[in-house]
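Asker: Chain by chain, the residues run as shown.
2 protein chains.
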Amino acid sequence: MRAVTIHGPKDIRVEHVPDAAIREPGDVVVRVTHACICGSDLWAYRGVVERQPGQRIGHEFLGVVEEVGAEVSRLRRGDRVVAPFVWSDGTCERCAAGLHTSCRQVGSWGQPGADGGQGEAVRVPFAEATLVRLPADVDEAQLPALLTLSDVLCTGHHGALAAGVAPGGSVAVVGDGAVGLCAVMAAARLGAERIVLLGHHRDRTRLAERFGATEVRLGPGAEVVAELRELTRGEGFHSVVEAVGTVESMRTAIGVTADGGTVGFVGVPHGGEQALDIRQMFYRNVAVRGGIAPARAYIPELLPDVLSGALDPAPIFDATIGLDEAADGYADMDARRTLKAMIRL
Amino acid sequence: MRAVTIHGPKDIRVEHVPDAAIREPGDVVVRVTHACICGSDLWAYRGVVERQPGQRIGHEFLGVVEEVGAEVSRLRRGDRVVAPFVWSDGTCERCAAGLHTSCRQVGSWGQPGADGGQGEAVRVPFAEATLVRLPADVDEAQLPALLTLSDVLCTGHHGALAAGVAPGGSVAVVGDGAVGLCAVMAAARLGAERIVLLGHHRDRTRLAERFGATEVRLGPGAEVVAELRELTRGEGFHSVVEAVGTVESMRTAIGVTADGGTVGFVGVPHGGEQALDIRQMFYRNVAVRGGIAPARAYIPELLPDVLSGALDPAPIFDATIGLDEAADGYADMDARRTLKAMIRL
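Going down the list, the sequences are from chains A and B.
When we follow this note's numbering, the leftmost residue of the first sequence carries the number 1, and every step to the right adds one.
When we follow this note's numbering, the leftmost residue of the second sequence carries the number 1, and every step to the right adds one.
None of these hints come from the bench; they were simulated from the model.
Ideal placement from N, C-alpha and C gives every residue a C-beta, glycine not left out.
Any given hint could turn out to be false.
To be verified - Computed beta-carbon distance windows for the label pairs:
no.	chain 1	residue 1	chain 2	residue 2	range
1	A	305	B	73	26 to 34 angstroms
2	B	46	A	191	27 to 35 angstroms
3	B	271	A	320	47 to 55 angstroms
4	A	235	B	16	42 to 50 angstroms
Stated by the list, open to error - Part of the chain A face toward chain B, derived, beta carbon under 8 angstroms:
no.	residue
5	96
6	99
7	201
8	202
9	218
10	222
11	224
12	225
13	230
14	231
15	260
16	275
17	284
18	288
19	289
20	345
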């Protein structure tokens, strides 16, 4: 089969790799119909995080069950499924607590030895626990929206929950990438009345407005902190979602948080510990919580809203490419010519 | 009047200073009967944080109202009162939200231009909002316990609340200073079933057991992290109170926190931002919240339990000295010969 591989910074290839195959009786093989490129894949693309040369990549996918292991009874060939961005056993105490990303047997697509989401097929361990089946009669047109359940919509939701977004509340979202935009949508769903998005790109902030942002601001961190605080008469926001992962974005997030407020952080941290100003957290009682989103825990809750059309994050995909165009897809996202590329197979 | 002043590292003096006096119509003057030395005063004593030469010091006190300003009607000469460790106006939105430490007009005892708690008398701004009156018939023997409402008991309570301590829960407390010991007591009051204190001094951990710790462990951070995790079959604690403020103690606190758990931090941070391992926070969903405790918000809740004897933190005072012995009191605490010194006036 063919799959996307990464050989070094800016070296994305599509290669022939061994076919995805059942190894354990709890496995299934999913034929991928929709995958996408994540902002976090770009850290590997840029060489900020290392990958083994030739390692698979991609962790968001949706497809059709093609083969099932001997112990799999709740999934059948032909089922349409969406995969959260890590697999989990569904039986340990952490899965039971809804923290599937800390599962005792967690693993992620594209890690050495595992298939990546950007490829023709994926072997899925702990398949019954990991995959979520979509309705048999699902409208094909909804599949891009449903693909976001794999990561970005759930991650945005996690950020909003971690930030303590509540009905009638005010929230600032730092970052206009796909996760930031999904956090806007999640905050609106949770009933936030005022949602301010801080971004860099006018076309993305326009999308944020479609998704529920009541105000948008553009600009680099330091100056915008004062501007955002002014919006709240100096008070700051009680809920802030950090959806980038850089030192600057975290500093901005803490800077615009009200005393006693909470930063829900979901941007994969890059840039080190100096992002967290512990003295400011202490003297202003600013909490920082969040992290990698247990998407598997959220898919059942968010799925009905995507199916009903109440949530439609599909517009985050501003490019649709074939598998062979993966390298261009990465280059375009890296150069910010596109927000997020969907790969159709 | 006489008051304690600090002139530089390890240079504590008792000097004649201008009498505390009414300046604003909302002020009162409190004649101090009980004060104490705080672990956080030692940061100034050690020269880690700077003070102006001759600056006052001390922020915990209890006493008797001696003089009232023209606009003060709810406090009278002769009232016995306890002061939280900062003053606050009681009218701004932050005070209304219970975050008095972020009051728009906040200030702290001993700041330049203000009387310190370690002195014969203190001018108290916003006196009606700041001070809490004790019952007229309060037993003198209870005054040491009531003095802890000024800071350490409320700070321990804040840490336990921030860590999300709940009935039946498990909590680890990092630090066997007065705040850590009070956090143990507060956690027990909140219904925690398992309370593990991590300390350095056997005599202090014995006190922790009196205060409600179910287990104690001694030792430096790195080794003890593994030991504490073993106590929970590797899981870690869902609630952890950080009650020291050093890089090592925060690392220990995060290290013993379960995935998805929360560090409630109340140790005044010293040592910089590298204390917060953002990658560990991210990949394990460990939250960090807390900060400077809004003691004024907690005194009304904790006061009845101190008066009833349900909470008796008085044993944290293992030395009682006169004002003239302040320098020795600091030296003894600095050398860990005493846990916490009470100053009787």
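Asker: Please test the hint of 26 to 34 angstroms on the beta carbon pair from residue 305 of chain A and residue 73 of chain B.
Answerer: At roughly 56 angstroms between Cβ atoms, residue 73 of chain B and residue 305 of chain A fall outside 26 to 34 angstroms, so the hint is violated.
Asker: So, residue 225 of chain A near chain B? Judge it on the closest CB pair being under 8 angstroms.
Answerer: violated, 17 angstroms
Asker: Does the interface hint hold: is residue 96 of chain A within less than 8 angstroms of chain B, judged Cβ to Cβ?
Answerer: violated, 11 angstroms
Asker: Verify the interface restraint on residue 99 of chain A: the C-beta must sit less than 8 angstroms from at least one C-beta of chain B.
Answerer: Hint holds; residue 99 of chain A Cβ to chain B Cβ min 4 angstroms, cut 8 angstroms.
Asker: Would you say the C-beta atoms of residue 271 of chain B and residue 320 of chain A sit inside 47 to 55 angstroms of each other?
Answerer: Between residue 271 of chain B and residue 320 of chain A, where Cβ atoms are some 50 angstroms apart, the hint holds.
Asker: Would the stated hint for residue 222 of chain A survive a check requiring a Cβ distance to chain B of less than 8 angstroms?
Answerer: Nearest chain B Cβ about 17 angstroms off; hint violated.
Asker: Hey, does the residue 275 of chain A contact hint survive, CB to chain B under 8 angstroms?
Answerer: holds, 6 angstroms
Asker: Quick check on the hint: residue 224 of chain A CB to chain B CB, less than 8 angstroms?
Answerer: violated, 21 angstroms
Asker: Under the criterion of a CB-CB separation shorter than 8 angstroms, is residue 230 of chain A in contact with chain B as hinted?
Answerer: violated, 16 angstroms
Asker: In this structure, is the beta-carbon distance linking residue 235 of chain A and residue 16 of chain B contained in 42 to 50 angstroms?
Answerer: At 43 angstroms between Cβs, range holds.
Asker: Does residue 231 of chain A hold up as a contact with chain B if the rule is Cβ-Cβ below 8 angstroms?
Answerer: violated, 16 angstroms
Asker: Can residue 288 of chain A be said to touch chain B, with a Cβ gap under 8 angstroms?
Answerer: holds, 5 angstroms
Violated hints, in rising order: 1, 2, 5, 7, 8, 9, 10, 11, 12, 13, 14 and 20; the structure is consistent with all others.
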